[in-house]
Each structure stands twice: as structure tokens, then as C-alpha cells.
Amino acid sequence: MTHVHDGLDDDSSTGKGEFVQDDIDIDVDGELGFEPAVSVTGAEPSGRPAGRSRTAPAASKPGSRRVLRRRLGAGAVLIGALVSMGGTYAAFASSSAPDTSNSAGDIAAGRQLYQTSCITCHGANLQGVKDRAPSLLGVGGASVYFQVSTGRMPAAGQGADQKRKTAKFDEQQVKQLAAYIQSIGGGPQLPVGDLRAGDIAKGGDLFRLNCASCHGTTFQGAPLSAGKVAPGLNRATDEQFYAAMLSGPESMPIFSDHQLTPLQKREIINYVQTLKASKDPGGNGIDRIGPVSEALVFFIAGVGAVMAAILWIGAKAE
Amino acid sequence: MSTTTRRSNGPRTPQGKAAKFFDDRLNLAGPMRKQLNKVFPDHWTFMMGEIALYSFIVLLLTGTYLTFFFDPSSAETVYHGRYLPMQGIPMSRAYASTLNISFDVRGGLIIRQIHHWAALMFVGAMLIHMFRVFFTGAFRKPRELNWLIGLTLIVLGIIEGFAGYTLPDDLLSGTGLRIADAIMLSIPVIGTWVSFLVFGGTFPGDVIIERFYIAHVLLIPAILAALIGAHLALIVRQKHTEFPAPGRSEHTVSGERVFPTYAAKAGGFFFIVAAVLAALGGLAQINPVWLFGPYNPAQVSSGSQPDWYMMFLDGSTRLFPSWEVRLWGHTLAPLFWPTVVLPTILLTLAIGYPFLEAKMTRDTLPHNMLQRPRDVPVRTALGVMALTFYLVLFLSGGNDIIAKAFDISLNAMTWGGRILLLILPPLFYIVTYRICLGLQRHDREVLEHGVETGIVKVLPTGEFIEVHQPLGPVDAHGHGRLAYAGTQVPKRMNQLGAGTPLRHVRGFFYPVKEKPEIQAALDELEALEVDQHDVQHQLTD
Ligand code: HEM
Numbered sequence: 000m001t002h003v004h005d006g007l008d009d010d011s012s013t014g015k016g017e018f019v020q021d022d023i024d025i026d027v028d029g030e031l032g033f034e035p036a037v038s039v040t041g042a043e044p045s046g047r048p049a050g051r052s053r054t055a056p057a058a059s060k061p062g063s064r065r066v067l068r069r070r071l072g073a074g075a076v077l078i079g080a081l082v083s084m085g086g087t088y089a090a091f092a093s094s095s096a097p098d099t100s101n102s103a104g105d106i107a108a109g110r111q112l113y114q115t116s117c118i119t120c121h122g123a124n125l126q127g128v129k130d131r132a133p134s135l136l137g138v139g140g141a142s143v144y145f146q147v148s149t150g151r152m153p154a155a156g157q158g159a160d161q162k163r164k165t166a167k168f169d170e171q172q173v174k175q176l177a178a179y180i181q182s183i184g185g186g187p188q189l190p191v192g193d194l195r196a197g198d199i200a201k202g203g204d205l206f207r208l209n210c211a212s213c214h215g216t217t218f219q220g221a222p223l224s225a226g227k228v229a230p231g232l233n234r235a236t237d238e239q240f241y242a243a244m245l246s247g248p249e250s251m252p253i254f255s256d257h258q259l260t261p262l263q264k265r266e267i268i269n270y271v272q273t274l275k276a277s278k279d280p281g282g283n284g285i286d287r288i289g290p291v292s293e294a295l296v297f298f299i300a301g302v303g304a305v306m307a308a309i310l311w312i313g314a315k316a317e
Numbered sequence: 000m001s002t003t004t005r006r007s008n009g010p011r012t013p014q015g016k017a018a019k020f021f022d023d024r025l026n027l028a029g030p031m032r033k034q035l036n037k038v039f040p041d042h043w044t045f046m047m048g049e050i051a052l053y054s055f056i057v058l059l060l061t062g063t064y065l066t067f068f069f070d071p072s073s074a075e076t077v078y079h080g081r082y083l084p085m086q087g088i089p090m091s092r093a094y095a096s097t098l099n100i101s102f103d104v105r106g107g108l109i110i111r112q113i114h115h116w117a118a119l120m121f122v123g124a125m126l127i128h129m130f131r132v133f134f135t136g137a138f139r140k141p142r143e144l145n146w147l148i149g150l151t152l153i154v155l156g157i158i159e160g161f162a163g164y165t166l167p168d169d170l171l172s173g174t175g176l177r178i179a180d181a182i183m184l185s186i187p188v189i190g191t192w193v194s195f196l197v198f199g200g201t202f203p204g205d206v207i208i209e210r211f212y213i214a215h216v217l218l219i220p221a222i223l224a225a226l227i228g229a230h231l232a233l234i235v236r237q238k239h240t241e242f243p244a245p246g247r248s249e250h251t252v253s254g255e256r257v258f259p260t261y262a263a264k265a266g267g268f269f270f271i272v273a274a275v276l277a278a279l280g281g282l283a284q285i286n287p288v289w290l291f292g293p294y295n296p297a298q299v300s301s302g303s304q305p306d307w308y309m310m311f312l313d314g315s316t317r318l319f320p321s322w323e324v325r326l327w328g329h330t331l332a333p334l335f336w337p338t339v340v341l342p343t344i345l346l347t348l349a350i351g352y353p354f355l356e357a358k359m360t361r362d363t364l365p366h367n368m369l370q371r372p373r374d375v376p377v378r379t380a381l382g383v384m385a386l387t388f389y390l391v392l393f394l395s396g397g398n399d400i401i402a403k404a405f406d407i408s409l410n411a412m413t414w415g416g417r418i419l420l421l422i423l424p425p426l427f428y429i430v431t432y433r434i435c436l437g438l439q440r441h442d443r444e445v446l447e448h449g450v451e452t453g454i455v456k457v458l459p460t461g462e463f464i465e466v467h468q469p470l471g472p473v474d475a476h477g478h479g480r481l482a483y484a485g486t487q488v489p490k491r492m493n494q495l496g497a498g499t500p501l502r503h504v505r506g507f508f509y510p511v512k513e514k515p516e517i518q519a520a521l522d523e524l525e526a527l528e529v530d531q532h533d534v535q536h537q538l539t540d
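Residue numbers (numbering that gives the first Met the number 0), protein chains in the order written: chain A, 0 to 317; chain B, 0 to 540.
Note that these hints are calculated values from the structure, not bench results.
Because the structure is a prediction, the values reported are computed rather than measured.
For glycine and all other residues, C-beta sits at the position ideal for the given N, C-alpha and C.
All clues given are correct.
Some but not every residue of chain B turned toward chain A, in silico, with C-beta under 7 Å:
1. 86
2. 108
3. 282
4. 285
5. 306
A partial selection of chain B residues facing chain A, derived with a Cβ cut-off under 8 Å:
6. 116
7. 268
8. 281
9. 287
10. 291
11. 310
12. 409
Produce the complete structure using the sequences and hints provided.
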């Protein structure tokens with residue numbers, strides 16, 4: 000049965016730990032249509048040359064991503080290349096330093112927005128209002144970014160479980176709010192630049208270790224105890240992922256840079272976003288929910304079809 | 000030798016010659032003819048067992064293909080196959096070879112998927128078949144043995160399915176295996192030993208994949224095949240049951256000959272079942288182990304569920320309160336009750352039912368005629384009660400997914416499940432019992448007053464009456480004189496004559512018409528039969 004182990008045992012040049020970024024096929028056109036942009040099986044997506052740099056898609060990501068994820072210049076590509084040679088984590092970490100260049104204009108605009116939309120609950124000095132909302136001192140721009148860009152804030156009403164909604168503010172305004180709250184209380188901030196990097200497979204392992212217990216290996220989410228819910232991750236953007244890890248909303252733990260290094264966070268994001276965009280090789284993925292949705296399909300389509308068949312044969316009988 | 004003697008003495012075709020070769024030596028023709036001339040009755044509900052049989056065949060075929068490529072080993076390897084998101088991840092060879100089957104082996108993924116769908120179908124068809132046997136009383140003497148064989152098949156089918164589900168050694172099935180270990184450990188006194196015995200040490204150990212592999216591809220399939228053989232042999236020996244109808248009796252069987260009609264039908268049906276399974280395997284993704292990741296005791300995923308046939312145990316675990324009972328110095332794990340005690344009770348009830356019913360009804364006679372569920376209200380109501388109990392457990396097995404899909408809190412789902420589990424079964428017992436009695440009464444009513452024609456008459460007195468079509472001869476008061484005979488009673492005008500086989504409307508989408516000359520002959524024959532029936536009934540009444 001030697002042919003079975005094709006590629007399993009042979010020492011390929013891509014050893015553990017030195018992930019070569021050329022291994023990932025990324026859609027350079029960046030058009031996320033119905034055809035998946037990324038082929039997880041390594042199969043060549045229609046006529047596209049394999050082995051582009053990870054930084055390429057940033058240039059053409061639509062909408063919100065374009066704003067935050069600035070196009071990395073040649074220097075960043077070089078950094079990326081260094082990482083891919085392995086072991087240059089330090090070089091990478093420096094590139095993930097938070098963007099502290101919040102302009103005075105942003106802060107002023109953010110203050111304006113805060114005073115119209117947030118002040119009733121969070122108070123004039125961000126100190127919070129008893130029985131209404133917690134203090135925002137020290138939560139950091141990342142938390143603001145997460146809460147406001149996912150539409151959780153401004154909150155619809157009181158209550159522990161704020162659900163994802165359509166965002167009330169555009170990307171620009173979210174940044175301004177974050178800049179204002181950051182300027183007063185400080186705290187963790189979103190880094191600039193590409194938030195996907197590194198080894199997808201390692202990201203997968205880290206995801207299963209740190210996140211799957213709540214969000215599930217297939218990112219479908221699950222209810223937690225006491226009416227709380229770990230949401231499915233299908234709609235979250237790169238920035239929201241990073242911000243969620245930095246700020247630990249609700250019952251989600253905070254993953255500080257000691258727990259998950261900036262590179263590891265990017266690997267997780269790389270893994271999840273790549274898999275979300277990948278096609279299901281086995282046919283319809285039935286929402287990737289697993290045995291429960293399989294049971295549903297089985298009883299409705301499978302049992303339904305054979306029952307129709309026996310009724311049909313039975314009706315032919317005399 | 001002249002040509003004429005050759006021609007008259009034996010077959011000339013190669014097949015014929017071969018047949019003669021064997022017949023001369025083994026004397027097959029006589030016994031074969033006897034078997035092939037056996038008749039098998041026709042009713043759509045009699046085909047449910049066949050679905051299980053054909054799924055089993057599909058399982059054997061696809062499973063054999065998978066054994067060519069699957070590597071049943073817990074030894075660690077590092078993945079370097081085609082699936083990039085697993086590159087360089089350490090995993091067992093079992094998991095790596097499953098990825099290989101899915102991504103590198105030609106046709107591997109669809110065969111894997113057909114195999115899995117067929118497994119769901121195998122157990123599902125057995126369960127549906129069991130309920131049909133139950134509700135029609137087919138388990139009664141002399142067929143109790145086949146009922147017991149059938150139950151063994153279901154239990155083995157579930158174990159076989161669980162073993163197969165574990166083989167890929169992915170995070171989802173590994174989580175299931177850990178729960179299975181916890182269940183074993185919960186058994187008082189011997190639990191630890193059982194777990195040690197199965198895993199060859201503490202969980203997970205490094206032999207479990209190897210052991211489950213032998214069980215899954217050799218041991219259990221061999222026992223299943225033998226039991227299915229015995230099951231079918233008993234049907235041949237005891238003959239199949241039928242629903243009562245004019246011209247049928249406890250001592251005869253009617254239906255199609257095994258050869259050629261029944262064989263053609265069954266062969267065709269095999270291909271239908273196989274086609275449904277193939278369509279599922281090609282269109283709907285099942286058990287995408289590459290998304291779950293390799294098994295790693297440090298990792299766990301929310302929303303981990305077993306395949307549907309295990310889900311009722313998952314459900315009972317979720318619903319059962321976590322009481323720790325102390326008995327004789329032992330603490331019984333809460334898991335013990337819902338996962339060991341409960342299924343044991345359910346199985347015992349199922350095993351004992353035929354004997355219990357015979358005892359309660361003091362029925363010692365053999366039965367070859369089936370019963371309509373409405374005619375045995377207590378049994379039917381008990382069956383529905385059991386089914387309801389099972390369904391509440393089954394749905395509770397996926398209660399986290401339901402909670403999320405419908406935005407209900409998980410605690411509410413758990414409490415709701417507990418309450419429904421206690422309230423619904425007795426409620427459904429009463430409702431079913433009432434429905435059965437109502438249906439019985441309606442049958443009697445139609446026999447007495449005839450079928451509603453939908454024609455309403457105004458009497459000279461101004462009274463409105465609906466005209467009824469009597470089903471047979473009537474007495475002086477216009478009341479029907481037919482007695483209920485356990486068969487279907489026509490309730491609508493276009494069902495009239497449904498009891499007489501010849502008049503039965505054939506065809507699914509539109510009635511099948513015979514050629515004119517045949518139809519004329521049939522009509523004549525039928526008229527004759529109807530006359531005879533009338534005469535018979537007048538004689539017996
Ligand atoms: C491997 C799974 C099974 C296969 C392949 C199978 C196959 C069959 C077939 C083809 C028949 C004849 C047609 C029919 O009545 O449907 C039959 C009859 C029967 N089966 Fe099964 N069966 C299976 C499981 C079971 C189970 C789980 C039970 C009950 C617990 C059961 C009890 C019976 C009985 C009592 C009959 C005789 C029915 C009659 O004569 O009316 N079988 N089986």
C-alpha cells in the first residue's frame with residue numbers, strides 16, 4: 000500500500016515550521032464572486048499562476064478592508080518574504096505596532112460622534128453610567144472598533160447579549176470614534192497593515208486550540224450557558240477578528256499579545272478567512288453545521304426519496 | 000451422432016450447456032424451481048427491510064474500496080498532502096490517509112461520502128422497518144425469532160456505524176470516542192476495566208484505531224451478514240405475512256413469483272436505493288473531516304454531535320439532571336443513567352414486547368395475517384408513545400443547534416426537553432388511542448350505512464339527507480350486512496372495489512389501461528367475481 004502514503008512520509012522541502020508562502024494560492028484578482036477565490040486543495044484555480052505573495056489581495060479587497068488595510072509597499076513584501084524564510088518573528092512584530100498616528104482632526108470628529116450617540120449611556124467622561132453601560136476608560140480603540148463596526152454599539156437596549164447588527168457608522172467614523180476614546184483612556188489598538196500572514200495550517204491548529212471550544216471548528220458558533228451565544232464567524236472581517244481577540248467582548252476571553260503573538264493572531268485570521276472563502280469539495284456544504292444538518296438532509300432528501308420510490312413501486316403493484 | 004438427437008437431448012447455447020453441466024452433477028433444477036416459484040406478497044410497506052438490505056450491499060462495496068487506501072494506524076505522521084490548510088500538522092496516519100482519500104485518491108471523496116450516507120440509511124431503514132413490523136403485528140408468533148434477530152441487527156448496525164465514524168481519527172469523532180470512554184467508565188465496579196479492555200490502557204491509547212478497524216471491516220460485517228442471511232432464511236421458511244383481503248387467508252400467501260417478477264422488481268429497487276445514496280454522496284457533503292482537524296485531546300469543538308442514530312443518547316445525556324447517586328459506598332456517575340441504564344431499558348422492552356403482548360392478550364395462536372394499526376389501539380398507542388419518547392431525545396441531541404437557529408436559550412431548550420419528555424408520550428398515547436377508536440368506528444359506520452356520495456337530496460318534508468352508497472347487500476332497514484374483516488374499507492366513491500384485487504386502479508400518475516380485448520375479458524371476470532362474492536356473503540350472513 001505504498002501508493003497510499005503519497006506525500007505523507009517523504010521529506011518534502013517544506014518542513015515543519017518553515018512554511019513557504021508560495022504554497023498558498025490566492026486570488027490576485029480579489030473578486031470574491033461565487034467561485035471561491037482560494038483553493039484550499041492546492042488545485043490551480045482556473046488558469047491562475049500559483050505562488051503570489053500573501054500581500055497581493057489587500058490591494059483589491061472591496062469596501063471596508065481597503066481603508067484599514069493599507070497597501071503594503073515593497074518594504075512590507077520584503078518583510079513578508081523574510082517571515083516566510085522562517086524565524087523572523089521579531090521583524091514581523093515590529094511591523095504590527097499599533098497605528099498611533101491618530102490625527103487631531105479624527106479625535107475631534109470622534110468626540111462629536113461620541114457626544115451625539117454614546118454619551119447617554121457611557122457618560123460625559125467615558126466613566127460609564129451606573130445600570131446603563133460600563134466605563135470605556137482603557138478599553139482601547141480595538142474594543143471600540145469591534146463594538147461599533149459590528150453594529151453592537153450603539154446598543155439597541157440594555158442587556159448583556161448585544162448582537163451583531165448593521166453598523167450605524169461607516170469605517171471612517173468608526174476610526175474617529177476609536178481615535179477619540181483611545182486618546183482619553185488608552186488601551187489596546189488595532190495594528191495597521193495586512194492582518195493575514197503566516198502559516199495557514201498553524202493558524203488552524205491555534206484556532207482549534209483557542210477558539211473552537213466556543214465558535215466551533217467550522218466557525219458556526221454555539222450557544223453558551225445563561226442565554227449567551229458565541230456567534231458564527233462567517234461575517235466577521237479581518238479587523239473585527241483582530242479586534243475581538245484584543246478586546247474579548249462579553250464572555251470571550253481577551254487574547255493579549257502574550258497569549259497569542261501578533262503573528263499567531265494573523266495566522267488564525269489567515270486560516271479562518273481562507274477556509275470561509277474555500278469551496279466545499281464534497282458538494283453542498285449544508286452550512287458546515289455537521290451531523291445535525293446531515294441528519295436533516297438525510298431524513299428529508301434521503302428517506303424522502305426512497306419512501307417515494309416504494310410508494311411508486313407499490314402503486315404499480317396489483 | 001446425428002444432429003436431431005443432439006438437438007432434442009440437450010441445450011445448445013453455452014449458458015444452457017453450463018446449466019446442464021451443473022444440473023447433471025448437483026441436481027439443482029427441482030429445488031431451484033421450487034424456490035423461484037415461491038411468491039412474495041406486495042405492499043409498499045414490505046419494502047422497508049429491502050432498503051436496509053440494499054444499503055448494506057452498498058456499504059460493503061464502497062467500504063471495500065476504502066480499505067484499499069485507508070491506513071488504520073494511530074502512529075503519528077506529519078501531513079504533506081494536497082490539502083494546504085493541514086500542511087505540516089502532526090496527525091495520526093489514519094487521519095492523514097483519510098485526507099488522502101478525500102483529496103488525492105481518484106473518486107475517493109465521493110465513495111467516502113456514499114459510504115457514510117449509506118450507513119445513515121442502513122440504520123434508518125432498519126428502524127423504519129422495525130416500526131412497520133411493530134405496528135402491523137408482524138412480530139407475533141411464529142415470527143418472534145426474526146424480531147429478535149432484527150433488534151440485534153439494529154444494535155450491531157449502530158455499533159458498526161460508531162466504529163466507522165471513529166476510524167478517521169478526527170477531532171469530531173475523537174470527541175465522540177472520549178464520550179464513549181466516559182460512558183464505559185460510568186458503569187459501576189467494572190467500568191474502569193471495560194475502558195482498559197477496549198482501549199488497551201487509558202484513553203486514548205494507541206491501539207483503538209487498529210481495534211476498531213478490525214471490528215468495523217471484519218468482525219461486525221461478518222456477523223451482520225450472517226444475521227441478515229438468517230433473517231431472510233426465516234422469511235422464506237415462515238413465508239411473508241400479508242394484510243387481510245378478500246381471497247387471502249391465514250394458510251396461504253399470495254403475490255408475485257420470486258422469479259421473474261419479484262426478482263426484477265427487487266433488482267430495480269436496488270438500483271433506485273443505490274442511486275439515491277450516490278446522489279446524496281455526490282451532491283451533499285458529509286463528515287468533512289478536513290474542517291474538523293486531527294484528533295488532539297487538548298482541543299474540543301462546540302457543537303460536536305454524533306451521527307443521527309446516536310443522537311438520542313446525546314439527547315438523554317443533555318436532559319438528564321446531573322445527580323450523583325451514592326450506592327454502597329460507590330458514587331454513580333450521572334452519565335450512567337442516561338447512557339447505560341436508559342438504552343438497556345429500551346432494548347429490554349423491545350426484546351420482551353412480543354412475549355409480553357402474547358401473555359397479556361393470552362394469544363397463543365400463530366398469525367400470518369397482519370393487523371391494521373387501528374384495530375389494535377393499545378399496541379399502536381404504545382408504539383407512538385415509544386416513538387415520541389425517542390423523538391424528544393433525538394431532537395434534544397441537537398438542542399444547541401436548534402437553540403442557535405431559533406434564538407432560544409439553551410437552558411430553555413433543556414428544560415423544555417425535560418418537560419416534553421415526560422408529558423408528550425402519555426399525551427400521544429391517549430390521542431393515538433382515541434384516533435384508533437375513531438377510525439374503527441368510522442369503518443363500522445361505512446360498512447353499515449355505505450359511502451358518502453356527496454349527493455344531497457331534499458325530501459318533500461324539507462329535510463336534507465345525503466345519499467349513501469351501500470357497500471354490499473342491505474337488510475330491510477337499508478343497513479349494510481358486511482362484517483368488518485380487518486381490511487381497508489372504502490371511504491370515498493373512487494375507492495369502491497379497492498378490496499378486490501382485479502379492480503384495483505393501477506398506475507401512479509395516471510391509471511394504467513390494458514389493451515381493449517384484455518380489458519373486456521378482465522371486466523367480465525370481475526363481474527363474475529362480484530356476483531360470486533355477493534352470493535357468498537348472502538350465504539354466510
Ligand atoms: C440488516 C437489517 C435488516 C434487513 C436487511 C432486513 C431485511 C428484511 C427483509 C428484506 C424482509 C422482508 C420484507 C419486509 O418485510 O420488509 C424482512 C422482514 C422482517 N424483518 Fe427485517 N431486516 C432488517 C432488520 C430488521 C429489524 C431491525 C427487525 C425488527 C426489530 C426486523 C424484523 C423483521 C421481521 C419480523 C420480518 C418479517 C416480516 C413479515 O414477514 O411480515 N428486521 N427483513
